[in-house]
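Now for the letters of each chain:
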Amino acid sequence: MVEKKDNLVAKRVHPGVKEMEKSLGEGKCSRREFLRTTTLLGISATTAYSLASSILGKDILPDLISTAHAAQKKGGVLKFGMMVQEMADPGTYSWTEKSVIARHVIEYLVETGPDNVTRPNLATSWEVSDDLKTWIFHLRKGVKWSNGDDFIADDVVFNFTRWLDPKTGSSNLGLFNAMLEDTGTKDAKGNPIKRMIKNAVEKVDAHTVKINLKSAVLSMPENLYNYPTGIVHRDFEKEGGDFTKNPVGTGPYALTEFKVGEIAVLKKRNEPYWGGEVFLDEIRFIDLGSDPGAYLAAIASKQVDALYELDLTTLQAAKNIPGINVLAIPSTQTGVIRMKVTEKPFDDIRVRQAVQKCCDCQRQLDIAHHGLGIIAEHHHVASIHPEYFKLPPYKQDIAGAKKLLAEAGYPDGIKLTCNVGNTNGVWEQNSVAVLKEDCAKAGINIIINLMPTAQYWDVWTKAPMSLTSWTHRPLAVMVLGLAYRAGVPWNESSYNNPAFDAALDEAEGTFDVDSRRVKMEKVEKILQDDAVMVQPFFRSVFTAVSDKVVGLETHPTKYYRFHKVSLA
Amino acid sequence: MVLLLLKRIGFMIFTMIVVSIILFILLETGLTGDPATRVLGNFASAEQKEMWRDQHGYNQPVIIRYAKWLGNFATGDLGTSIRYKGPVKDVLLPRLWSTAILGFWTFAIMIPLSLTLGVLSGMKEGSILDRSISVFGILTTSVPEFASAVFFSALFVFGLKWLPGTSSMSDGFAFKQLILPAMVLVVYDFGYVARMTRASMAEVMTSQYIRSAVLKGLPYRQVIIRHALRNALIAPFTVIMLQINWLLSGVIVVEFFFAYKGFGALLLEASLNNDIALLEACAMVAVVVAVGSQTLADIGYTFLNPRIRFS
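From first to last, the protein sequence lines stand for chains A and B.
For the first sequence, counting from 1, position 72 maps to 71 in numbering that gives the first Met the number 0; every step adds exactly one.
For the second sequence, counting from 1, position 240 maps to 239 in numbering that gives the first Met the number 0; every step adds exactly one.
Don't read these hints as lab results, they were simulated from the structure.
Don't be surprised by glycine CBs; every beta carbon is placed ideally from N, CA and C.
Careful: at least some of the hints might be erroneous.
Covered by chain A, according to a simulated footprint, are these stretches of chain B (three or more residues, beta-carbon under 8 Å) [said to hold, decoys possible]:
| no. | stretch |
| --- | --- |
| 1 | 75 to 88 |
| 2 | 252 to 260 |
| 3 | 271 to 278 |
Calculated pairs, SDA-like style, for lysine to any residue (alpha carbon to alpha carbon, straight line, at most 25 Å) [to be verified]:
| no. | chain 1 | residue 1 | chain 2 | residue 2 |
| --- | --- | --- | --- | --- |
| 4 | A | Lys-132 | A | Ala-501 |
| 5 | B | Lys-84 | A | Pro-165 |
| 6 | A | Lys-166 | A | Gly-486 |
| 7 | A | Lys-318 | B | Leu-247 |
| 8 | A | Lys-258 | B | Ser-147 |
| 9 | B | Lys-84 | A | Thr-422 |
| 10 | B | Lys-84 | A | Val-247 |
| 11 | A | Lys-267 | B | Asp-170 |
| 12 | A | Lys-258 | B | Lys-88 |
| 13 | B | Lys-6 | B | Ile-21 |
| 14 | A | Lys-166 | B | Trp-51 |
| 15 | B | Lys-67 | B | Gly-78 |
Go ahead and model the full structure; you've got the sequences and the hints to work with.
Given below as structure tokens:
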């Protein structure tokens with residue numbers, strides 16, 4: 000017992016770290032994957048980088064980490080063009096924009112950098128049991144809330160308990176599924192009601208928290224930087240439960256002004272910040288509505304210094320403006336034209352396969368997204384995902400599509416309706432239009448039903464066929480688990496294939512990347528063969544930054560953080 | 000006079016009630032989607048939504064809900080905005096004020112400009128001045144606001160770099176940011192008012208008493224200022240009052256384009272986000288302004304034109 004305790008204090012190293020070292024030495028995993036996985040297993044980023052350096056025999060430097068440059072100037076006001084939305088409850092955020100503001104006031108237990116490496120933040124370190132089911136997080140000591148209270152384990156326990164209470168309405172409920180149990184009851188629609196398993200989160204001491212999972216999860220730390228997991232004060236609910244009215248946080252900035260649809264102002268706090276120096280005195284988030292042209296005009300006339308996102312339609316114009324840098328963010332954001340397998344005519348796999356066979360992925364990317372991105376293969380795993388397994392290239396096959404259609408009983412063609420809401424830009428509509436053209440060659444007539452964005456989200460899981468925009472996720476298994484596992488809330492295609500679920504479970508539980516990649520072959524193949532979706536490309540996303548801004552880093556999920564940003 | 004006023008006000012209230020019924024049927028009866036989903040997000044469970052509906056009275060009969068809603072509205076409780084998560088009144092009033100400022104400057108430039116050009120043009124029908132002003136007026140009026148907004152932006156923001164590209168007033172009120180939106184509105188509207196003034200002026204100039212005044216040897220300037228103008232400006236007065244109505248719809252495009260935080264942008268945002276309470280309040284404000292400006296125009300007209308007053 001004593002020995003075990005000592006082991007904990009001495010920070011046990013997960014055996015997986017040794018395996019990863021071996022893999023890296025033998026060239027079986029990439030440097031990036033080594034860094035990502037070992038940091039998830041509790042090795043500090045600095046140690047991970049130096050381990051990688053010694054194994055590879057050359058200096059591996061962090062590519063893009065928020066480190067201060069020596070000559071950065073203090074002071075000044077950064078103006079950031081971005082929609083300012085209602086953001087009362089950090090646990091229920093459904094737009095990343097909200098978290099961009101909140102991230103400077105409240106903080107996360109960890110921070111996943113633009114290099115996909117997860118680093119300590121409010122948690123200084125973590126340990127995981129060999130079976131990946133028990134996680135111990137050591138919390139940072141000496142951190143004060145802006146109301147003067149100490150940051151302690153009770154804060155973390157409170158947040159977990161709150162997220163996992165179905166009454167809160169937090170999407171974290173799906174994220175931490177391994178901490179939930181069935182209540183045995185069902186809601187009006189027959190979906191099982193879940194609740195947090197007793198003792199799923201335990202306070203060990205004032206600065207240590209233990210998480211007990213019912214199944215293995217490797218990405219636990221990574222999940223703790225998912226944008227609705229910002230840690231609020233333990234009295235958040237007692238004090239009204241509205242972050243914008245009572246913005247108590249541990250971060251370096253204080254929210255001093257907030258008007259939905261107009262502006263949010265952050266001012267540097269007077270007290271010293273545990274995370275070291277921040278440069279900007281003030282950050283102003285300026286809402287310019289939903290017209291991409293307005294954002295371009297604002298940055299062109301220097302009314303803002305940087306944008307949350309540069310729309311594809313204004314990309315070319317932005318490149319021509321002097322003093323502005325256009326940055327591309329590699330991402331796995333994508334548009335999925337999914338077909339609901341429970342609805343006619345898509346309950347016939349031949350119809351779905353026929354539609355899929357009509358798609359020319361390269362043409363889709365070239366026309367709908369100006370060629371800016373990477374082509375995909377209808378299984379929602381991107382070649383930039385670490386566990387991607389390369390399947391044989393997927394080719395357009397019009398004759399094959401016609402044949403399948405005839406077999407399915409539609410020799411004279413078929414009429415389909417596809418919903419699209421342009422929730423992330425007009426490229427969505429263009430993607431459906433290109434598919435319509437290609438499908439017409441096989442006698443499939445697609446009617447495009449263009450809907451207002453807000454209304455699209457009312458039907459996204461209901462319509463028989465529609466294009467849904469999915470955001471970036473660092474791991475393919477994360478998105479596959481969210482979108483294609485039987486019965487999960489975001490399974491918009493109602494896909495239900497036990498063989499797929501089993502293959503995915505196996506891949507998720509496989510810790511070694513090489514073995515995981517091998518297991519992904521089956522996962523990708525099943526999903527592609529079942530023709531649940533037409534998923535032609537992963538798109539790049541863009542932003543524009545004035546050249547007077549120093550140190551601004553892009554992030555694949557646009558989790559911007561201005562702690563180390565300064566003005567020239 | 001008092002009777003006329005009462006009649007007009009009665010008509011105004013009647014119109015508002017009719018509009019409110021239509022609004023309520025369109026927005027509150029689930030025709031445009033489930034309000035619970037919008038408030039709680041797409042990922043809320045059915046149980047949560049049901050709880051919300053219960054709390055917010057959405058499970059009561061439509062008639063009772065309408066009566067309650069109308070009662071609240073009449074007492075100044077405009078409801079709670081879904082998007083802004085706060086009382087509609089707190090959002091709406093500052094936005095209305097912003098639009099009033101934009102409207103004031105638009106009118107302050109547009110009215111003198113269009114009246115002057117209209118009078119100059121109508122003084123001598125068919126002259127080169129008349130033709131030039133008319134052609135220019137028709138040209139600007141036929142270019143819609145969304146096109147002129149792009150054109151002026153390209154010229155003054157991206158080309159000459161003289162003016163700021165957006166008008167969010169995020170650092171407090173800045174007159175410079177008001178120039179482009181006001182310019183777009185003025186350019187679109189002045190041609191119309193100028194043409195109306197011109198027509199009215201031209202008609203007056205052909206009347207008997209002007210001819211008499213000229214023939215009896217009065218200086219031309221005096222004929223125009225003392226005799227022609229007073230009568231010629233009655234018709235444009237009504238037209239100008241109607242422009243207040245037009246402005247309310249015109250600002251939607253302009254405010255969206257320049258990110259000006261006014262009533263038009265709010266109305267658009269409310270409708271794009273299905274923010275029911277806000278949409279209702281905006282629509283009611285629009286009705287009040289429309290009916291109110293018309294009433295004012297009628298009353299003003301009777302003052303300006305004695306023939307109506309005494310008939």
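Okay, which hints does this one fail, numbers in order? 7 and 8
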